[in-house]
Amino acid sequence: MANRIGMEVSFAVAEAAKLARSEVVAAYPITPQTHIVEKLAELVAEGELDAEYIPVESEHSAMSACLGSSAVGARTFTATAGQGLELMHEVLFVASSSRLPIVMAVANRAISGPLNVWGDHSDVMAARDCGWIQIFTENGQEAFDLTLCAFRIAEDHRVLFPIMVHLDGFHLSHMVESLYPLEQSEVDAFLPPYKYPFALDPAKPVTLGAYGPPFIYTEAKKAQEVALRSTKEVILEVWREFNRRFGRQYSPVETYATEGADTLLLTMGSFSETASVAIDRLRKQGEKVGQIRLRLWRPFPFEELYQAVRTAKVVIVLDRSISVGGPGGPVCSEVKSALYHLKERPQIVSFVGGLGGRDISVADFENIVRKGQKLAAQGVGEHYEMIGLRE
Amino acid sequence: MASQRNTVALRLPMEENFAAGHRACIGCGEVLALRLVCKALGRDVIIANATGCMEIVSSQIPYTSWEVPWIHTLFENTSAVASGIEAGLKVLRRKNKGPQKEVTVVAMGGDGATADIGIQALSGAMERYHKFIYVCFDNEAYMNTGVQRSSATPFGASTTTSPPGKVKTGQATWKKDMVAIAAAHNIPYAATANPSFPLDLIKKVQKAKQVNGPAYIHVYSPCPTGWRTGPEVSIKLGRMAVSTGVFPLYEIENGRYILKPDLPKLRPVKEYIKAQGRFRHLTDDLIEQIQKRVTQEYDKLREKAAQSQSA
Chain E
1 MANRIGMEVS FAVAEAAKLA RSEVVAAYPI TPQTHIVEKL AELVAEGELD AEYIPVESEH
61 SAMSACLGSS AVGARTFTAT AGQGLELMHE VLFVASSSRL PIVMAVANRA ISGPLNVWGD
121 HSDVMAARDC GWIQIFTENG QEAFDLTLCA FRIAEDHRVL FPIMVHLDGF HLSHMVESLY
181 PLEQSEVDAF LPPYKYPFAL DPAKPVTLGA YGPPFIYTEA KKAQEVALRS TKEVILEVWR
241 EFNRRFGRQY SPVETYATEG ADTLLLTMGS FSETASVAID RLRKQGEKVG QIRLRLWRPF
301 PFEELYQAVR TAKVVIVLDR SISVGGPGGP VCSEVKSALY HLKERPQIVS FVGGLGGRDI
361 SVADFENIVR KGQKLAAQGV GEHYEMIGLR E
Chain Y
1 MASQRNTVAL RLPMEENFAA GHRACIGCGE VLALRLVCKA LGRDVIIANA TGCMEIVSSQ
61 IPYTSWEVPW IHTLFENTSA VASGIEAGLK VLRRKNKGPQ KEVTVVAMGG DGATADIGIQ
121 ALSGAMERYH KFIYVCFDNE AYMNTGVQRS SATPFGASTT TSPPGKVKTG QATWKKDMVA
181 IAAAHNIPYA ATANPSFPLD LIKKVQKAKQ VNGPAYIHVY SPCPTGWRTG PEVSIKLGRM
241 AVSTGVFPLY EIENGRYILK PDLPKLRPVK EYIKAQGRFR HLTDDLIEQI QKRVTQEYDK
301 LREKAAQSQS A
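Chains as they are written, first to last, in this note's numbering: chain E, 1 to 391; chain Y, 1 to 311.
In short, the hints are calculated from the structure, not lab data.
Don't take every hint at face value.
Below, computed lysine-lysine pairings styled on BS3-like, alpha-carbon distance capped at 27 Å [stated by the list, open to error]:
1. E/K204 x Y/K95
2. Y/K166 x Y/K176
3. E/K204 x Y/K39
4. E/K195 x Y/K97
5. E/K204 x Y/K166
6. Y/K260 x E/K204
7. Y/K131 x E/K204
8. Y/K176 x E/K204
I would like the entire structure built from these sequences, with the hints used as guidance.
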């Protein structure tokens, strides 16, 4: 195994795509993702990655080109963010319903307007139901490891779904982090070559993307849903295998200091590490608080979430996007609906913050927990709190 | 006459790569053109098809008319999908994976998919110089959604979104010149074709297969449903479109224009217009305007062809 190095996380993601021997990269520049595809362009130009690099004229075409290259059986990678993910929107649904195992890194970013290139989760939440496997990473090591795992998961014949690997724009994408890279030989042993079973090939003609009238559309959607749900077993299997080889274990729901905790703070993405520091401080002050982190966003880890909140009285959810005119934070709203049927369910409190690149400090997280506990005691209803809002 | 027709039929490739049993309207000129294009392309091909009439009539689950590998994804992105196919095949061949023989990559769509919603993706794919053939089947409106105007609808034509009325006279703009736009990308081959001239059409597709870069073929596609014509006149209309100069047959090979047939005298446009219900409301004044424009455009084309010949 290679020595620990310092590397910008965008470059670590590009390095993972290189070590995976990506064969086609279709890319369009957009902040804060651009460093990923710039690095890949450089790797291709230097002959370090034997891939076709398609410098497309839009994100819509980036994802569309990915459909084509993946459908002929080439291992395909792209990356995007914010407006780019939204421009791809309709293509995302086709990638998943066509069962094309494209891997895409998303440097999560706010959505206009007002124009804002900084990080939050508005882009991914708008693409929540597009049928992709979606994984949130917390740090550079995770972004690197889980990008590699994404290829192996997506291309498994029991899966054949595209995967988004989310990393927070700037807060993660532009950080230089210390991480353990992997050697090419290690990755080659972990990731077999891509073999798409329904590849477009004149030797064996197939019709891909036929249209489905009402008599078949419902069944097609149900089949897709069942197939996406059942990918969780393979995801777990691949993560276990990754741990066996490289000694780093990943799980759909991560817990931190949850033993004996009455109050749980639920986070996603890079802000989780800051939240963990706040949890440490509160623990030192004798508070019975812990943290859970959703790593797997789709398929939603219902079972793991039940297990994680089993003994909690209060769950405080931090959302980095807002469902305008709806129930506040979309993650909280999912957590609520996932736990609603439990006989003994915790109080769930919704916080929205960190929008458009605004920081949430350790002290902020401490306040969130304290305020959340207070609101839970009062009974919160559909109320949500906006963090650090200037009135 | 009869023996001449038989000769043409015998000279067409026998193979069928687009099967019968599709759901196109009676007298559809587009599906006829598509069948001829597929004959010319042969089997070593991968086709990316935009949403539109030809996609809908050929691929309803669980049926398919496609004897060749075919993919439909969306409306505006078919050139980008073809880009990915071409790039994927290239890298796979380099790595001794995938099909090892030469595979022709084809993107196809209607005039809406080409001249309107898909023009950005098409421009991008031509600029990047992917080796692929783009075929536009031009029936001059959004027929699949029920005859709405596109930027390829001819001046004066009545569609459901360019209806003539007390103060309007149908389509108010002139047809977008897609072939010129394609040629402006400095691609090695662009051409117009027409199913009423099947051997010419097949020859052009075969030529497009040979060039090393993007090729663009714009195919006249009579639509009895949208043009309000009888299903029996589609072929005749195709011939009239050429003889009146409304839809000239020409090629642009590495920038050189070849107009063939180069007609010294054009038939009056009125003949062509009077044959179609979509132009029924046009006054003599408007027909005269159209005549002027057609003559003007034809003269420009002749000039370009003459210049190319002398160069």
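Exercise. Straight-line Cα separation of Y/K131 and E/K204 no greater than 27 Å?
Worked result: Holds, at roughly 22 Å.
Problem set entry | Hinted pair E/K204 and Y/K39, Cα distance within 27 Å | Satisfied, since the Cα-Cα distance of roughly 18 Å is no more than 27 Å.
Exercise. When you check the alpha-carbon spacing of Y/K166 and Y/K176, does it fall within 27 Å?
Worked result: holds, 26 Å
Exercise. Is the hinted pair Y/K260 and E/K204 satisfied, with a Cα-Cα distance of at most 27 Å?
Worked result: violated, 38 Å
For this session: Given the hint that E/K204 pairs with Y/K166, test it: the Cα-Cα distance must not exceed 27 Å.
Result: Between E/K204 and Y/K166 the Cα gap is close to 57 Å, so the pair fails against 27 Å, i.e. violated.
Exercise. Is the hinted pair Y/K176 and E/K204 satisfied, with a Cα-Cα distance of at most 27 Å?
Worked result: violated, 39 Å
For this session: For the pair we were handed, E/K204 and Y/K95, check the Cα-Cα distance against 27 Å.
Result: Judged against 27 Å, a Cα distance of about 20 Å means the pair holds.
Exercise. Straight-line Cα separation of E/K195 and Y/K97 no greater than 27 Å?
Worked result: The hint holds at about 10 Å.
The structure fails to meet hints 5, 6, 8 from the earlier list, while all remaining hints are met.
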